[in-house]
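Chemist: Residue numbers (this note's numbering), protein chains in the order written: chain A, 1 to 169; chain B, 1001 to 1169.
Simulated from the structure, these hints should not be mistaken for laboratory data.
Everything numeric in this text was worked out from a predicted model, so none of it was measured.
Think of the CB as a built atom: it goes at the ideal place given N, C-alpha and C, for glycine as much as any other residue.
Mixed in with the good hints there might be a few duds.
[What the hints assert, rightly or not] Just the calculated beta-carbon pair ranges, DEER-fashion:
{"hint": "1", "chain 1": "B", "residue 1": "1053", "chain 2": "A", "residue 2": "129", "range": "54 to 62 angstroms"}
{"hint": "2", "chain 1": "B", "residue 1": "1057", "chain 2": "A", "residue 2": "19", "range": "13 to 21 angstroms"}
{"hint": "3", "chain 1": "B", "residue 1": "1019", "chain 2": "A", "residue 2": "124", "range": "48 to 56 angstroms"}
{"hint": "4", "chain 1": "A", "residue 1": "161", "chain 2": "B", "residue 2": "1015", "range": "28 to 36 angstroms"}
{"hint": "5", "chain 1": "B", "residue 1": "1053", "chain 2": "A", "residue 2": "149", "range": "19 to 27 angstroms"}
{"hint": "6", "chain 1": "A", "residue 1": "15", "chain 2": "B", "residue 2": "1155", "range": "34 to 42 angstroms"}
{"hint": "7", "chain 1": "A", "residue 1": "53", "chain 2": "B", "residue 2": "1151", "range": "16 to 24 angstroms"}
{"hint": "8", "chain 1": "A", "residue 1": "53", "chain 2": "B", "residue 2": "1067", "range": "36 to 44 angstroms"}
{"hint": "9", "chain 1": "A", "residue 1": "23", "chain 2": "B", "residue 2": "1134", "range": "47 to 55 angstroms"}
{"hint": "10", "chain 1": "B", "residue 1": "1122", "chain 2": "A", "residue 2": "88", "range": "12 to 20 angstroms"}
{"hint": "11", "chain 1": "A", "residue 1": "133", "chain 2": "B", "residue 2": "1053", "range": "33 to 41 angstroms"}
{"hint": "12", "chain 1": "A", "residue 1": "148", "chain 2": "B", "residue 2": "1008", "range": "45 to 53 angstroms"}
There are 2 protein chains.
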Amino acid sequence: MEMLDYIRQRRAVRRYKDAVPEEGYIEKILEAGRWAPSGLNNQPWRFLVIKDKERKAAISKFTKYAKIIESAPVLVIVCMDVADSYNRDKDLMAIGACIQNILLEAHSLDMGACWLGEILNNKGRLSKYLGLDDDFEIMAVLAVGFSDEELTEGCRKPLMKLMIKADEN
Amino acid sequence: MEMLDYIRQRRAVRRYKDAVPEEGYIEKILEAGRWAPSGLNNQPWRFLVIKDKERKAAISKFTKYAKIIESAPVLVIVCMDVADSYNRDKDLMAIGACIQNILLEAHSLDMGACWLGEILNNKGRLSKYLGLDDDFEIMAVLAVGFSDEELTEGCRKPLMKLMIKADEN
């Protein structure tokens, strides 16, 4: 399959099969994240993997998307190491690139994933629950597993609407 | 080639051949960007494509990496549409995901690209030069073309150093 097909066919998956992906699968998606580009190659991303059901249940309390968290066999919590941060805007974009690598690699391995951002409304409480060091700021929770839903159609603005027509362009 | 190989083999390219990529190539990389995920699917990314040599020369004045800009046959200026922004942190991450899609698609088409962030030090002046509407905030300049350099070895922190060991993990 071509890169563009992978990119276009990737979807957020919100319901998962019970099967827990093998450790090699999780290692591969994190490996993909590891190779993202970052400003000055500072690599500000850090990962916390959670599979334990009780911990997942506790984490699900911090978001209105509790069902996705409870359904997913694996959670990858992506943090920024603020001690390694040099420019917040650039570091946030780098972490976005890292997350996209993870999502694409999961898709290419026939897994599904969901990038959860709403949980950041409670990131302080979640961080406390996880016992995170002050240096780690939670950026996203990724639900990961094997999809148990029908493939949905994606929806994006047409390219024409994304093009800027500035002076002389 | 597998997704993980594409991800691991992609490199920043800083010197380009003179050949200008066909319009179809540029459309494909922007199409890849268009399919990035974003919070509430708000798709805050906007693109401005510049090929004109004089304009490239003028833009090169805003960064110490002038040579990369002058060497690249195509520039893609990625902006955030702040009118469509709902959460700056999440929108920055979404734009990072969008840029990574563009870089990966360029690599898969045997093109090279370089994500330039240092130019943001002069983003106000660059924005004025480009005649951008106030709603468009410059996030990155991507140099794009066919690589004229040897493939370099990448360097990343080992995965072990990226894993958070929080309580009970």
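Chemist: Confirm or reject each hint.
Modeler: These are the hints, each one checked on the structure:
1. Hint check: residue 1053 of chain B to residue 129 of chain A, Cβ distance near 56 angstroms, so the stated range 54 to 62 angstroms holds.
2. In this structure the hint that residue 1057 of chain B and residue 19 of chain A lie 13 to 21 angstroms apart at CB is violated, the actual value being about 56 angstroms.
3. Between residue 1019 of chain B and residue 124 of chain A the beta carbon distance is about 52 angstroms. The supplied range of 48 to 56 angstroms therefore holds.
4. The given range of 28 to 36 angstroms is respected by residue 161 of chain A and residue 1015 of chain B, whose C-beta atoms sit roughly 34 angstroms from each other.
5. Separated by about 50 angstroms at the C-beta atoms, residue 1053 of chain B and residue 149 of chain A break the suggested range of 19 to 27 angstroms.
6. For residue 15 of chain A and residue 1155 of chain B, the hinted distance range of 34 to 42 angstroms is satisfied, since their beta carbons lie about 39 angstroms from each other.
7. Our hint of 16 to 24 angstroms for residue 53 of chain A and residue 1151 of chain B is violated, since their Cβ atoms are close to 45 angstroms apart.
8. Taking the beta carbon of each, residue 53 of chain A and residue 1067 of chain B are about 54 angstroms apart, not inside 36 to 44 angstroms as hinted.
9. In this structure the hint that residue 23 of chain A and residue 1134 of chain B lie 47 to 55 angstroms apart at CB holds, the actual value being about 49 angstroms.
10. Separated by about 18 angstroms at the C-beta atoms, residue 1122 of chain B and residue 88 of chain A satisfy the suggested range of 12 to 20 angstroms.
11. One distance hint, 33 to 41 angstroms for the beta-carbon pair residue 133 of chain A and residue 1053 of chain B, is violated here, with the actual separation near 50 angstroms.
12. In this structure, residue 148 of chain A and residue 1008 of chain B break the distance hint of 45 to 53 angstroms, their C-beta atoms being roughly 30 angstroms apart.
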